[in-house]
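A.B. asks: Sequence:
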Amino acid sequence: MLAARTGAAGSQTAEEHTKLRKQSGLSIGGKDKSPKKAPENGKDSSLSPSGQSQLRARQLALVREVEMNWYLKLYELSGEHTSAGASGVPHRNLGKSGLRVSCLGLGTWVTFGGQISDEVAERLMTIAYESGVNLFDTAEVYAAGKAEVILGSIIKKKGWRRSSLVITTKLYWGGKAETERGLSRKHIIEEIVRAMTHVINQGMAMYWGTSRWSAMEIMEAYSVARQFNMIPPVCEQAEYHLFQREKVEVQLPELYHKIGVGAMTWSPLACGIISGKYGNGVPESSRASLKCYQWLKERIVSEEGRKQQNKLKDLSPIAERLGCTLPQLAVAWCLRNEGVSSVLLGSSTPEQLIENLGAIQVLPKMTSHVVNEIDNILRNKPYSKKDYRS
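In the numbering used here, the protein residues as written are 1 to 390.
For the record, the hints were derived by calculation from the structure and aren't laboratory data. Note that CB positions come from ideal geometry on N, CA and C, so glycine has one too. Some hints here could point you the wrong way.
As the list claims (entries may be wrong) - Quick list of simulated restraints, FRET-style, between CB atoms:
id	residue 1	residue 2	range
1	Pro350	Asn376	33 to 39 angstroms
2	Arg321	Pro382	35 to 41 angstroms
3	Glu246	Asn376	16 to 22 angstroms
4	Leu62	Glu320	32 to 38 angstroms
5	Gln294	Ser316	24 to 30 angstroms
6	His369	Asn310	19 to 25 angstroms
To be verified - In silico BS3-like pairs for lysine-lysine, Cα to Cα no more than 27 angstroms straight-line:
id	residue 1	residue 2
7	Lys307	Lys381
8	Lys277	Lys291
9	Lys307	Lys277
Turn these sequences into a full structure, and let the hints guide you.
C.D. replies: Structure representation (C-alpha cells):
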C-alpha cells in the first residue's frame, strides 16, 4: 500500500520527526467466537445499538470462518496457510475496505537500517510474523531507503508468501535532488489522486492512503476521486497515544463513518516517553540521547514533559491492577478505539516487541470504567460534538 505524505520542510530540531512522518501516499501491497443464538424474529430488543452492532460483527466473523474452513477443506490446506492461522493477534478491516490487517503492525522508523542491526531486524520480523502480524510499515526516507531494502530482503530470505503480507510504504521525502522528492509526476507519476489510481491500476499497489494529512485534505482527495472516477484513499496514518488524541478521536471518526477512511496509528508510546525509561532523566542508551533526537530530549525535560511523567506514575497502579505493564496498557488503550484499524509498533529489541504484543491480552480488560479512570488522570480528552464511539 502506498501512502502519500504532505509536507513542508521541517526544522532540524523539534520538527525533524514531523518531516520524516508527514507524507502523502501509502502503498499496501485467532478465531472469532461464535455469536450467541439470536431470537427467532432476528432482533433483540434488549440490545443497545452498540450491542446490536457487536452482534452483527460476530455473525459476520462466523460467516468468514465458515467460508475459510470450506476453502481450506476444498483445497486440502491447513489453518497454517491463512494469515491469521494460529495467531494471537486479531485482524481488522482497514477502514471500510475489504483488506484485513493485523490490529498490531511492525514499523521500521529509526530502527531498520539505523538503530538496530539487520540480524535484530530479522528477529523482530520473525517474532511479529509468528505472532500473527501481517502488517509491516516502512517509507522511502527511512534510513535513506535502507529500511525498505532490509524489509524486502528479510521477506525473501524467510520465504514468506508475499500474498500473506500487507506492506505499507510512504512517498514524499526521497532523494536529495529536487526531482527525487515531493509528489510530482516525475516522482510518483502525476498529481496525487490520479497518480495513486495509476499505481493501483498498474498492479504496483492494491490500496493507497495518506499520512499526516488534515481531515479537509483527505475529504478533498476523496471528492476528487469520486468526481473523476478514480480511487480514493482508504486510511490515514496518524500519531496517536495518551498525550496526542485530537485528530484520531475527533477528526477521523467522522471520516470513517462518512467515507470509510480508517486510522493506522503510530507512536503508541510517544517515541518511548510512555515506556517509563525517562522517569528519572534521559538514559545514555536511549533514543533521546542521540544527537539527531535533541528535540525529543527537550520535550522530555520540559515542564510539560515532567507533567506527563507524573501522569504516567498515576497510571501505573491501573496497569498493576490489570496485571500488565504501562506500555501494554498504553497500546491496549489505543486499540480500544473502534476507528483504529491497526497500531504500528516500533521496537528496538525482541523483548520490547514481545512485551508490546502482549497488549492484546489487556484489550478485553479495557472496560468503560478503566477508560474513564485513565481519562480522569490524563484530563486531556478532546471535545467532540458527536461521539462516534460505542
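A.B. asks: Confirm or reject each hint.
C.D. replies: Here's how the hints hold up against the structure:
1. Pro350 / Asn376: 33 to 39 angstroms: holds (35 angstroms)
2. Arg321 / Pro382: 35 to 41 angstroms: The hinted range 35 to 41 angstroms is violated for Arg321 and Pro382, with Cβ atoms some 26 angstroms apart.
3. Glu246 / Asn376: 16 to 22 angstroms: holds (19 angstroms)
4. Leu62 / Glu320: 32 to 38 angstroms: holds (36 angstroms)
5. Gln294 / Ser316: 24 to 30 angstroms: Since the Cβ atoms of Gln294 and Ser316 sit about 28 angstroms apart, the hinted range of 24 to 30 angstroms holds.
6. His369 / Asn310: 19 to 25 angstroms: The hinted range 19 to 25 angstroms holds for His369 and Asn310, with Cβ atoms some 23 angstroms apart.
7. Lys307 / Lys381: holds (16 angstroms)
8. Lys277 / Lys291: holds (18 angstroms)
9. Lys307 / Lys277: This hinted pair holds, its Cα atoms lying about 15 angstroms apart.
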